[in-house]
Amino acid sequence: MLEKRMEMSAAIRVRQLRKLYGDKAAVDGLDLTVPRGSFFGFLGPNGAGKTTTIRMLMGLAAPSEGSIELLDLAMPERALEIKGRIGLVPDESLLFDALTGAEFLEFVGRMYKLDRAVARERAGELLTLFELDTAGRKLIGEYSKGMRKRIAMSAALIHRPELFLMDEPFEGVDAVGARLMKELLIEQVHRGATVFITSHVLEVVERLCDRVAIINQGKIVLEGTMAELRSGSESLEDMFVRVVGAERVAETLDWL
Amino acid sequence: MNSPGGSVVWNQVRAIAWAQWRSSWNRLPGVNKGSATATVLIGILWYGAIVLLAAGAALLMAQLGHERFLTLLLSAALFLMFVYWQFVPVIMASTGSALDLRKLLVYPIRQGALFGIEVLLRVTTGIEILIVLAGAIVGSLLNRQLPLWSSSGFVLFIVFNLLLAAGIRDMMVRLFAKRRIREVAMFLIVITAALPQVLLITGAGRRIRTALAGVPTAFLPWDAATSLATGRAHWWTPLVLLGWIGVAYIFGRMQFARSIVVEVESTATERSSVSGSQRFAFLYTWPTRVFSDPFAVLMEKEFRALSRSSRFRVVFVMGFTLGLLVWVPMSLGSSRHPNSFLAANYLTIVSAYAVMLLTDLLFFNSFGPDRGAAQIYFLVPVKIERVFLAKNAAAVVFVLAEVAIITVVCLLFRLPLTPIRFAETLTVCLVMCVFLLALGNMASVWNPRPMNMAQPFKNQGSRVQWMALVAFPLACLPVVLAYLARFALDSEADFFGVLAVFAAAGLYFYGLALETAARYGQSHRESVIEALSRHEGVISN
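These protein sequences, in sequence, are chains A and B. Residue 1 is where the first sequence starts when you use the numbering used here, and the numbers rise one by one after that. Residue 1001 is where the second sequence starts when you use the numbering used here, and the numbers rise one by one after that.
Calculated from the structure, these hints are not laboratory results. As the structure is a prediction and not an experimental result, all values here were calculated from the model. Don't be surprised by glycine CBs; every beta carbon is placed ideally from N, CA and C. Check each hint, because a few of them may be wrong.
For each label pair, taking beta carbons as the anchor points, the in silico distance ranges come out as [said to hold, decoys possible]:
hint	chain 1	residue 1	chain 2	residue 2	range
1	B	PHE1291	A	GLU121	54 to 64 Å
2	B	GLU1515	A	LYS145	38 to 48 Å
3	B	ARG1110	A	LEU253	25 to 35 Å
4	B	ARG1110	A	ARG78	54 to 64 Å
5	A	LEU256	B	ALA1257	32 to 42 Å
Please construct the entire structure, taking both the sequences and the accompanying hints into account.
See the structure below:
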């Protein structure tokens, strides 16, 4: 019964999702349900299909097979409606280097149909929140990697979305920035939003997420709540290494 | 174990060449087949014409005797080749392929080896000249009247040009890295590049020639090369050419060493404060007062991003500086034909040249300046047609601004200008824009290329440039037909009538093309984003 209700109120529902590049399946028959209001961690080793999956969820890549529903709306049929309700941190290349941080945030806000004055006000507030107010008038091209990540995060928040899709959101961010971002995301979950993140940092996922799925070679190899996963004696790292089959100790090279 | 000395350098050079080859090869599967076919066809047409010229050069050299006329012709041809090789890349704001030093300086490679590759890469801006000179070398080897060493004149001339081109390219890159002097430097270089043309047209060249009549021309590189190539060289002629090569080498090495320092210190984008530009914020924000979002904010973004990029600024400034410098003397310089077509239509010609310079940036690769960030257009709740429309509207505004500036400069210099000519220029440019936008929207998703907007000059080889030069006249065909109608019917009304008909047809074509481009862009968004996010190899194109 609970399962049925969860199914009905899913923020993300993916069925038999496949993405082929030539003969190779980057994502191979993925089934995934992310309940609304959850903080969902999507893990996997390099090349497992995480980024391809998240790009298909964002609508940047078309699935070869299968169906995607976000916020109970079908992709790509209701793409415009969905896009207006999700916040994205794909990667830092999303940013326009020739705009200042303030201009970029205003641009994104207005693209999400916010009134100009509202977009400008929120942009200012987000810059202050992310301690970018002095950098707000600098071109994004001059930003450090961490600053770029903060501005991308601000852009994802500006229209108060219901669902966040984030690809490695904490990568390259210093401890202060990462902490702020984590607190903000937890707050968003508390207000009912759903957060879906990919990350290589298992400690972050372990601390933040209430549900986790591990993908390997395009398939989900483990899925459950953190409570379920913690019930065993293994740490998340041990479990991860075991399920992706990476337990073999690396051989040393003669010449090294 | 490392092998000693020269073989290490050779190994590194081979590794660089191999890395570049693999970078290009690995991209091939992602290349649009239609685009590749068009490129090959245009290449066959263009280089076919060049090979014909080379065959002509071979014939000429094979039959060259002691005719003074042919010797003069050869000297003039070599001079024109020198101008083409050294100055056309500047005029076209295109400097050919170049080493991406930022990726290579971390390795223990000798500067001399890098400079050697950089010199060889100058072939990319003078490949046409090399083909023609190869023809001339074959011809001179077949000519039994000429000594075997005569072809060395061409070889030394090529070496001189390669070294000089490397120096000029590095000097330009270094100059343009300094933001404050960038536009001034551009202006000066452009004027220098346009000088031979201006002198030729205004007749000032004749006066200068008379004044310099006593100065021996045998010491000029093209004359020295001619003397060697025609077998009439003095013992010191090779020394003259070797001297020029030495000067070009020192110049090239100095510029290369300096540009390494600049490349190390520079970041991927411009370091510029935008505080000053707030005074002119109204120039960016006016669409908000006229249109609603997202159209308005998209236009604003185009205005801000493009006007802050050095590549766009350089091309925009060239439109009304170089355009006027080259075309106005040509149109108005001849007092014998005051009512000629050129004289009557100089404003339109200068404006059309400005539009041509802007073609690649504003029309044919409209997502190129955004690079990977173009993916935002597929992520936000906005139809891709709207994005095209806003980008197109911004492009038209830039073209109108260019025409307005050209007109104001003409009025300031009291050049003959009537309201009807201004109306004609405006109409012609707008009709051209409609067709260019229609073709350009399709090209933008069909063959998207990331552009480094912080570089004032294109690093493209001649391929992309000639594609634009072939597509541009095609887009301008309706305008040419309107001029033909005016010529045949001798009527302004018919001229504007034909333009109006084509404008209507163009708008219909634009609508169809927009729909096609949007549909193609949406369905091929992965490949479009992938192409725009692509990083270059060790040699940037």
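| field | Unmet hints by their number, sorted upward, for this structure | value | 1
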